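Q: Below, each chain spelled out in residue letters.
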Amino acid sequence: MQIQYLFELLGTGFFAISGALVANKKSASDWFGVTFIGFITAIGGGSLRDVLLGCYPIVWVKDVYFVYAILGGTILASVFYTTLHKLRKTMFLFDTLGIALFTIVGTEKALSLGAGPVTAAIMGMFSAVMGGVLRDMLTNEIPIIFHKEIYATACLAGAVLYLLLFYFDVNRNLNFWLSGTVIAAIRIMAVRYNLSLPKFRKDTGEPVT
Amino acid sequence: MQIQYLFELLGTGFFAISGALVANKKSASDWFGVTFIGFITAIGGGSLRDVLLGCYPIVWVKDVYFVYAILGGTILASVFYTTLHKLRKTMFLFDTLGIALFTIVGTEKALSLGAGPVTAAIMGMFSAVMGGVLRDMLTNEIPIIFHKEIYATACLAGAVLYLLLFYFDVNRNLNFWLSGTVIAAIRIMAVRYNLSLPKFRKDTGEPVT
Amino acid sequence: MQIQYLFELLGTGFFAISGALVANKKSASDWFGVTFIGFITAIGGGSLRDVLLGCYPIVWVKDVYFVYAILGGTILASVFYTTLHKLRKTMFLFDTLGIALFTIVGTEKALSLGAGPVTAAIMGMFSAVMGGVLRDMLTNEIPIIFHKEIYATACLAGAVLYLLLFYFDVNRNLNFWLSGTVIAAIRIMAVRYNLSLPKFRKDTGEPVT
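Residue numbers (numbering that gives the first Met the number 0), protein chains in the order written: chain A, 0 to 208; chain B, 0 to 208; chain C, 0 to 208.
Bear in mind the hints are in silico, worked out from the structure with no lab data behind them. On a predicted model such as this, the values are computed, not experimentally measured, just so you know. Possibly wrong hints are sitting among the right ones.
The list cannot tell twin chains apart, which means a pair is met if one copy fits it or any two copies do.
Think about it this way: if two alpha-carbon atoms lie no more than 30 Å apart in a straight line, the pair counts; the simulated DSSO-like pairs of lysine-lysine are [as the list claims (entries may be wrong)]:
hint, residue 1, residue 2
1, 147, 108
2, 198, 88
3, 108, 85
4, 85, 198
5, 88, 147
6, 108, 61
7, 61, 88
8, 198, 108
9, 61, 85
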């Protein structure tokens with residue numbers, strides 16, 4: 000568990016970095032604004048999950064190291080700003096590992112609080128992607144998850160796999176790594192081969208009111 | 000109560016349909032994005048009400064059938080997409096019945112949790128309209144309730160009527176139907192006769208900072 | 000404490016006035032929309048703080064006078080609309096006093112609920128500024144706190160000072176006035192001398208994906 004905790008802190012710090020890099024380009028310019036957006040990006044998903052589940056104290060109120068991880072991430076983002084913008088592939092990899100980790104952690108937390116499997120899968124996915132959705136709402140963008148190559152869907156698929164294996168009593172650590180890997184694999188495949196989900200419905204050209 | 004529960008599920012499914020139809024036009028195109036927006040539209044108001052009241056587990060965590068109703072609604076929206084876009088009057092009628100139902104249900108829930116009448120009326124209105132507000136925030140629109148013909152105000156009026164009759168010990172079922180009908184009637188009148196609330200204040204032409 | 004409670008009600012009413020004045024210009028025109036935006040502006044920060052801390056019933060559910068203060072503020076905003084728009088300096092002063100008060104009250108509330116100092120400072124700042132952030136999200140604006148002269152940072156600074164003095168056992172009332180004054184002073188200085196925080200990082204001109 001110690002290693003997983005370390006990963007969670009690293010994941011949080013990483014999401015703060017990625018939030019800060021996006022923030023700085025689009026809508027905030029000073030230290031406060033950028034840190035604020037990094038904070039929401041990193042902690043928004045987990046906070047929403049905890050609030051929806053009524054699990055108090057929520058993650059960063061309980062453990063202040065998550066706040067430190069975010070501050071650390073923002074400072075790194077500032078110091079290595081130019082470098083980080085060039086490291087696209089590394090950033091992409093970290094983001095992929097981050098959503099894989101957060102999905103499984105969120106799913107497990109919901110299960111441990113007595114949620115059913117459908118709710119747990121949704122909560123796992125929320126943990127991973129809602130920080131980004133809140134960031135996009137704050138910065139006045141259409142959330143990226145509505146458009147991008149398969150992203151939240153990879154999280155959902157991994158959460159569903161985790162739950163299946165969970166009910167078949169697969170060893171927890173094995174399940175953790177298997178389901179996490181599936182999320183990362185789907186996401187990487189989606190980007191490499193430019194896969195996207197089927198369109199909901201072709202536009203009919205009808206006006207909508 | 001059985002029938003009311005069925006109505007609540009139907010109402011949730013219907014709001015998911017209406018969310019999915021709007022979503023698809025404006026800001027999301029694939030299955031995930033549309034379902035996500037349908038989900039928020041359908042469940043956002045009730046979730047916000049439960050979170051603000053501290054009523055855990057919140058409605059769809061407690062009862063997974065609400066999630067199924069939303070998935071069903073989204074699938075229907077996809078299959079009957081063209082038809083549904085043409086059924087404007089039917090859609091309008093369902094929406095009107097939906098907000099009437101959700102307002103009264105939300106008001107009753109707040110009351111049963113010990114909220115005072117003013118809070119209960121606000122919570123009832125929130126239950127009915129905040130899903131749409133969250134949908135509009137997600138899709139980067141100015142919320143429709145700030146502009147449209149009398150909508151949320153009809154919910155408020157119905158909630159106030161419900162509370163008045165409640166304090167005069169009117170039979171609960173009678174009250175439910177009376178207040179719900181008043182909401183629907185106000186809404187239908189407002190659209191038919193193009194009624195809107197008085198303007199807050201004429202624009203003075205002064206610049207605002 | 001009686002006087003502080005009165006100040007809190009006045010502060011809430013004032014934020015409703017300021018929310019209503021902004022709302023009316025930009026995105027809502029009828030009474031309902033303006034009152035709704037005034038409501039969110041006035042009560043959003045405190046509600047978010049209470050929900051994140053799991054402190055139920057939240058402030059305006061517990062004490063309906065906060066709702067009355069908001070309604071009173073909205074009515075005043077309508078009646079004295081033109082006058083209030085001209086009273087820029089007065090409005091600015093009230094806003095400054097409001098954020099100072101709300102920051103300290105929020106910090107104290109978080110502390111009393113067992114939050115650590117870092118969380119308490121964040122919650123204090125959230126109490127003061129998140130109502131405005133929610134208002135900006137609702138009205139489809141980039142939140143003003145990402146751009147404006149030092150605003151939320153003044154709140155953070157005051158909260159940190161409060162916590163320092165708190166841990167040095169400074170008398171509570173003295174601490175309250177000292178820390179509040181520091182927030183107001185920083186804010187007034189920032190506007191008078193047009194101070195802003197350092198930029199996060201110069202734009203590199205690199206495209207971001």
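Q: Where does the structure disagree with the numbered hints, that is, which hint numbers, in rising order?
A: 3, 7, 8, 9
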